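Peer 1: Just so you know, the protein sequences line up as chains A and B, in that order. Residues 1 to 318 in my numbering are what the first sequence lists, from first letter to last. Residues 1 to 318 in my numbering are what the second sequence lists, from first letter to last.
Keep in mind that the hints were calculated from the coordinates and are not lab data. A few of these clues could be false.
If chains are identical, the list can't say which one is meant, so a pair holds when it fits in one copy or spans any two.
[Stated by the list, open to error] BS3-like mimics (lysine-lysine), calculated; alpha carbons at most 30 Å apart, straight line:
id: 1; residue 1: Lys256; residue 2: Lys191
id: 2; residue 1: Lys84; residue 2: Lys306
id: 3; residue 1: Lys57; residue 2: Lys213
id: 4; residue 1: Lys44; residue 2: Lys213
id: 5; residue 1: Lys132; residue 2: Lys304
id: 6; residue 1: Lys57; residue 2: Lys191
Bear in mind that the values here come from a model prediction, so they are computed numbers and not experimental data.
2 protein chains.
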Amino acid sequence: MNCEETCVLLQSWDDLLILCHASPDGDTLGSAAALVRGLRAMGKRASFACGDPVPAKYAYLFEGLEDLSDAPAHIVSVDVADAKLLGDLEAPYGQRVELAIDHHGTHVPFSPRCWNEPDSAATCELIYQLLKAMGAAITPDIARCLFTGIITDTGCFRYSNVTPRTHRIAAELMELGAPADELARRLFETKSRAQAEAERMVLETMEIFCDGKAAMVQVPARIRQETGAQDSDLEGVASFPRQVEGVVLGVTVKEKADGEIHASVRANPPADAAALCGQFGGGGHTGAAGCSFPDDTMEGAARKLKAACAAYLEALGL
Amino acid sequence: MNCEETCVLLQSWDDLLILCHASPDGDTLGSAAALVRGLRAMGKRASFACGDPVPAKYAYLFEGLEDLSDAPAHIVSVDVADAKLLGDLEAPYGQRVELAIDHHGTHVPFSPRCWNEPDSAATCELIYQLLKAMGAAITPDIARCLFTGIITDTGCFRYSNVTPRTHRIAAELMELGAPADELARRLFETKSRAQAEAERMVLETMEIFCDGKAAMVQVPARIRQETGAQDSDLEGVASFPRQVEGVVLGVTVKEKADGEIHASVRANPPADAAALCGQFGGGGHTGAAGCSFPDDTMEGAARKLKAACAAYLEALGL
Numbered sequence: 001m002n003c004e005e006t007c008v009l010l011q012s013w014d015d016l017l018i019l020c021h022a023s024p025d026g027d028t029l030g031s032a033a034a035l036v037r038g039l040r041a042m043g044k045r046a047s048f049a050c051g052d053p054v055p056a057k058y059a060y061l062f063e064g065l066e067d068l069s070d071a072p073a074h075i076v077s078v079d080v081a082d083a084k085l086l087g088d089l090e091a092p093y094g095q096r097v098e099l100a101i102d103h104h105g106t107h108v109p110f111s112p113r114c115w116n117e118p119d120s121a122a123t124c125e126l127i128y129q130l131l132k133a134m135g136a137a138i139t140p141d142i143a144r145c146l147f148t149g150i151i152t153d154t155g156c157f158r159y160s161n162v163t164p165r166t167h168r169i170a171a172e173l174m175e176l177g178a179p180a181d182e183l184a185r186r187l188f189e190t191k192s193r194a195q196a197e198a199e200r201m202v203l204e205t206m207e208i209f210c211d212g213k214a215a216m217v218q219v220p221a222r223i224r225q226e227t228g229a230q231d232s233d234l235e236g237v238a239s240f241p242r243q244v245e246g247v248v249l250g251v252t253v254k255e256k257a258d259g260e261i262h263a264s265v266r267a268n269p270p271a272d273a274a275a276l277c278g279q280f281g282g283g284g285h286t287g288a289a290g291c292s293f294p295d296d297t298m299e300g301a302a303r304k305l306k307a308a309c310a311a312y313l314e315a316l317g318l
Numbered sequence: 001m002n003c004e005e006t007c008v009l010l011q012s013w014d015d016l017l018i019l020c021h022a023s024p025d026g027d028t029l030g031s032a033a034a035l036v037r038g039l040r041a042m043g044k045r046a047s048f049a050c051g052d053p054v055p056a057k058y059a060y061l062f063e064g065l066e067d068l069s070d071a072p073a074h075i076v077s078v079d080v081a082d083a084k085l086l087g088d089l090e091a092p093y094g095q096r097v098e099l100a101i102d103h104h105g106t107h108v109p110f111s112p113r114c115w116n117e118p119d120s121a122a123t124c125e126l127i128y129q130l131l132k133a134m135g136a137a138i139t140p141d142i143a144r145c146l147f148t149g150i151i152t153d154t155g156c157f158r159y160s161n162v163t164p165r166t167h168r169i170a171a172e173l174m175e176l177g178a179p180a181d182e183l184a185r186r187l188f189e190t191k192s193r194a195q196a197e198a199e200r201m202v203l204e205t206m207e208i209f210c211d212g213k214a215a216m217v218q219v220p221a222r223i224r225q226e227t228g229a230q231d232s233d234l235e236g237v238a239s240f241p242r243q244v245e246g247v248v249l250g251v252t253v254k255e256k257a258d259g260e261i262h263a264s265v266r267a268n269p270p271a272d273a274a275a276l277c278g279q280f281g282g283g284g285h286t287g288a289a290g291c292s293f294p295d296d297t298m299e300g301a302a303r304k305l306k307a308a309c310a311a312y313l314e315a316l317g318l
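For reference, chain A alone in the conformation it holds in the complex:
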């Protein structure tokens, strides 16, 4: 599917539920909030759902959007690369998604219709084009949601997924009322004291290996316990290991609140984060990917990841 076909399809539907992925980020939430707002302004019944609670820092996306999510006629997913990433919503809705709108190169088809553009930096880029094609008015509220998704998925215009189109859409969204500097400050330049303290503790766990080409930090549960930092406070630490000069594979091993061990990998070319995470059943993008270790300890997952980094870098000839 492309933008026009998606537009025609959505125009024919009047009662929709928009699904986000679990462990929601700014792009899946911004896409859902913008789409629900746009559809409602066109007189349609639309709501959204997510398998996990909306983090407090993204609550503004849904301000004034009361929930209507009972018995929707049509179900659309946004930024969901795989049915299993729906989390708790996979069981009730996984088989019922009629349309998936996504930008992941690793998208595993799970819906009869799919509009997937891996060249887009964020699903919000697609939602912006879709709303324009549908003739929806892009209000300041909608512009704010879309700008949120674009900056959170690009590290505020720093990652390799940014294209000239990303910047042009950003310019248009600013003119449509997106408070760019406020969003950048809130999402990238502001941390609670707990977060600042937790980040300092994470930095102390940094290990550099493979002749300086790989680095790892660990986020044991005690760091959250001792500082009061939330999971969402620790999203940024995944970028720390790769920031060290010469590192092409940066790994973050995190003990989640439910005890499960999860790894985030960031890669610089020619390394591919999705290829490394794929070895452990995970996926994502070239520059950023993740995987889980449901039956492992932190130490076990860290050991396996270090071995995988060494083998992968050797296979790459690095």
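Based on the hints, put chain B in the right spot on chain A.
Peer 2: For chain B alone, coordinates are given in the frame of chain A:
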């Protein structure tokens, strides 16, 4: 002066020296390197000079640009807000600058002609328009210089000085060959081990005061001595204090290599960094400004700045 008038003037000159400000940043260096490259491609004799050495991380801007700076006929400054910011070049050239191209709201006139646009996020935005107006080809090398100035003066599109035009110019520069992700990674997402260690030590000096509305970090000379970090490695720490939630005035007090005490102030609205620094003879922008304490110790400067923050916040009713 405006862009067209500046264009006509530069077209009439054939032998130019472009001056940067001392303690050079990416915008003054990127502006000079782009302008020199553009003027030379038009067959003119052009070179650049700076009162301080070019930091190693910006050396790529001048790759392949051999120096020609003897007895220039015309002198132009870029991104220089005040003649005294020329540093060691003020004595030989301060009175001889014929044209200043700048974007500082605090610009103190020192040249007979001046094109100053405080609404531009970076002087590089002006140089881009100027080179286009002059009919110069924007080569990938020039695009790289201009993109450097734009991202370094905007915190890579995070600060309040970013406008829709900034994003549109960024889109065009990417299409002209600026390696956006490589520059963002190199200038914002990469740190040496010395820098990472120094930043951790700076974070340990954080003090929060004025009921959580102001914060300060200190960078004594021993941090550079113990870690081997350079002055340019420590530019980023100026943003640390303001990152703490609730802080509107973030102050960094730094003991420079020559022993002089310098303060950098970052402000969130309604606070104005330039207003605070103006009390100590400094200046800059609303969001970011600086001042020096030539006859003070770290402790003395810190004490004066804390008192000034308290009085300023009270005057603002915060």
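Peer 1: Does each hint fit the structure? Answer for all of them.
Peer 2: Hint-by-hint comparison with the structure:
1. Lys256 x Lys191: both (20 Å within a copy, 28 Å between copies)
2. Lys84 x Lys306: within (26 Å within a copy, 53 Å between copies)
3. Lys57 x Lys213: between (34 Å within a copy, 20 Å between copies)
4. Lys44 x Lys213: Neither: 52 Å inside a chain and 44 Å across chains, both beyond 30 Å.
5. Lys132 x Lys304: neither (47 Å within a copy, 54 Å between copies)
6. Lys57 x Lys191: both (11 Å within a copy, 28 Å between copies)
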